[in-house]
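Q: Chain by chain, the residues run as shown.
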Amino acid sequence: MAAVTNPSVAVAAPRVARTTKRPSGPVRWVRERIIPIIGSLVLFYMFLPIFVVILFSFNLPNGRFNYKWVQFSTQAWTNLCAPGGMCEALQLSLLIGVLATLGAVILGTLVAFAIGRHRFRGRSATNLLIFMPMATPEVVMGSSLLTLFVALSFARGLPTILIAHIMFCLSFVVVTVKARIAGLDPRLEQAAMDLYADERTAFWKITFPLVLPGIVGAALLAFSLSFDDFIVTNFNSGSTVTFPMYVWGAAQRGTPPQINVVGSLMFLVSLTIVLVAQVVQRRRAKA
Amino acid sequence: MSGGAVAATAAEQQDIRSPHNDGGATEAKGVGTSKWTPYVLLTPGMLWLAIFFVVPTIVLLATSLYTGSLDTGYSFEFPGNWSTYSAVITYLPQFARSFVFAGLATVFCLALAYPLAYFIAFRSGRWKATLLVLVIAPFFTSFLIRTLAWKTILADDGFVVTVMNTLHITDLMSHMCLGSLCLTESDRVLNTPLAVILGLTYNFLPFMVLPLYASLDRMDPRLVEAAQDLYSSPWTALRKVTWPLSLPGVVAGTLLTFIPAAGDYINAELLGTTKVSMIGNVIQDQFFVVTDYPTASALSFVLMLAILVLVFLYVRRAGTEELV
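If you're matching them up, the sequences are chains F and U in order. Residues 1 to 287 in this note's numbering are what the first sequence lists, from first letter to last. Residues 1 to 324 in this note's numbering are what the second sequence lists, from first letter to last.
Keep in mind the hints are simulated off the structure, nothing from the lab. Here the structure is a predicted model, which is why all the values come from computation and not from measurement. Treat the hints with care, as some may be off.
Claimed, not checked - Taking lysine-lysine pairs in the DSS-like style, the calculated list, with each CA pair at most 27 Å apart, reads:
| no. | chain 1 | residue 1 | chain 2 | residue 2 |
| --- | --- | --- | --- | --- |
| 1 | U | Lys240 | U | Lys128 |
| 2 | F | Lys286 | F | Lys205 |
| 3 | F | Lys286 | U | Lys240 |
| 4 | F | Lys205 | U | Lys240 |
| 5 | F | Lys68 | U | Lys240 |
As the list claims (entries may be wrong) - Facing chain U, from chain F, some residues (calculated, C-beta under 10 Å):
| no. | residue |
| --- | --- |
| 6 | Pro36 |
| 7 | Val70 |
| 8 | Gln71 |
| 9 | Thr78 |
| 10 | Asn79 |
| 11 | Val140 |
| 12 | Ser144 |
| 13 | Ile166 |
| 14 | Ser171 |
| 15 | Val173 |
| 16 | Phe230 |
Here a beta-carbon is modelled for each residue, glycine too, at the ideal position from N, C-alpha and C.
Isolated chain F, as found in the complex (with noise of 0.2 Å):
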């Protein structure tokens, strides 16, 4: 695999004849380790924004915004709920990830197995329907549920953000459920049948479990994409504040560091989260 993978490795003498004018020094050392030097680089800015972000959890801001460094403090830490409002709204925001995941996946799964196991008219245009709110920038996917709303006269609250976020992630949940389901090899559930297994049980015994991880993988998804949702969420609100819109209000009034905890804590938990999951996931390859 070295082999093929490292080209240079592979084709080192035709090279080494043609170019005889080779720099060599810093200039050789860097060019050809321009492209992991890049990819570092590119990584580095991915993570500027985390550093800050953790960083600044442990300041002592001078006035009501959190930008500029003063001291260093634990006391965002120590008294994560002090600013009103924002452990009601990260509450508020959980319960509805959870609602919202639990829609999303039930409706998404359903779907999936449809389109992954059967042949049946309309499948294109199935397909479609469920490509095209994944095509839609969500400030028009917001705004027209917000028409829908208003023109019903529904007063928007809670149900409606549920609403908004189990149609949003509904399709995130077909597409990762659905290439799950593809990657199935066939054979299996036969073999179970083959084994006097009548379809109920196959299907229980042998197709569910293998495609649960794609579920659980979905359901992670969905969870994500309504707890960071702030644009659809704010059209279609009321005055119900999740997490996102309470930032959102804070960026305006004054940010707490406190934001920066639930920040932070949000990174932590799910970069264990999926740490956990790999090293799990390479005990039983092993295994």
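Got chain F; can you put chain U on it based on the hints?
A: Only chain U this time, still in chain F's reference frame:
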């Protein structure tokens, strides 16, 4: 958008190209394979999308044809009043800005993401999985909090801007103008178009990295070796072999970056001023500050139409119809 979204787009891309895509449907049949089973499974989800995605789009179009205001009440009028349509002309600068900013952000994303995706696909060895996690990891934190962090990084007396001032980069960029709007002001970055474009680039970068990675990872690295055996320089091999083979990823990545970036108003609001506002800011203001629903709906509908037309032309030009 959070990191999860990105993972799905990568999954989707794999799915698009997967040879199993249609094969699985015929080979394996599940519980109760009657003719009606797929429809029963589809109905709840599809109804949800129909009622809360398709119908609202129609209502949005209808609302743009209304006249009146919140106080006087609305009445339906065909073909609607002209002030609604002239709003689209009035806000042409914001439309133009949205597409220019999103376009530039997409180009920057491509320039940054390609080396990174290439590195992960071909050079990372056993660190591949870890690196992929690292690409998504920054996006586990809330979109808004990350964007606010850029306010600190790009602050007027911060390290980045001080260095840029010393090297006269800000000064140089303040002469790069489009009409009266210049990339930066002479000694600052925050509240200028550059800040907004940087924010957009940052926020949508994984949407570019993952599809690129997915298409590069599928490529046989021996093709590059073959090109070099035939005396191509590394640059020619990249241009003639790697780049064409990664085009599906490039197309998917640019779309996934451009579409949300064009509609975004968070970056323009938090990192810019009203001078650099995008069409999303206008739509949001028209709905909530001015409460002129017909105008707001017209702008929103035109934005969707403009993006659909652009995407259609782009996909046709790129010649990859496998996307939908």
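Q: All the hints need checking, so say for each whether the structure fits it.
A: Evaluated hints:
1. Lys240(U) to Lys128(U): This hinted pair holds, its Cα atoms lying about 25 Å apart.
2. Lys286(F) to Lys205(F): holds (23 Å)
3. Lys286(F) to Lys240(U): violated (39 Å)
4. Lys205(F) to Lys240(U): violated (48 Å)
5. Lys68(F) to Lys240(U): violated (48 Å)
6. Pro36: Holds. Min distance 6 Å.
7. Val70: violated (12 Å)
8. Gln71: violated (15 Å)
9. Thr78: violated (20 Å)
10. Asn79: violated (18 Å)
11. Val140: holds (5 Å)
12. Ser144: holds (4 Å)
13. Ile166: Hint holds; Ile166(F) Cβ to chain U Cβ min 6 Å, cut 10 Å.
14. Ser171: Where the cut-off is 10 Å and the nearest Cβ of chain U is about 8 Å from Ser171(F), the hint holds.
15. Val173: holds (8 Å)
16. Phe230: holds (6 Å)
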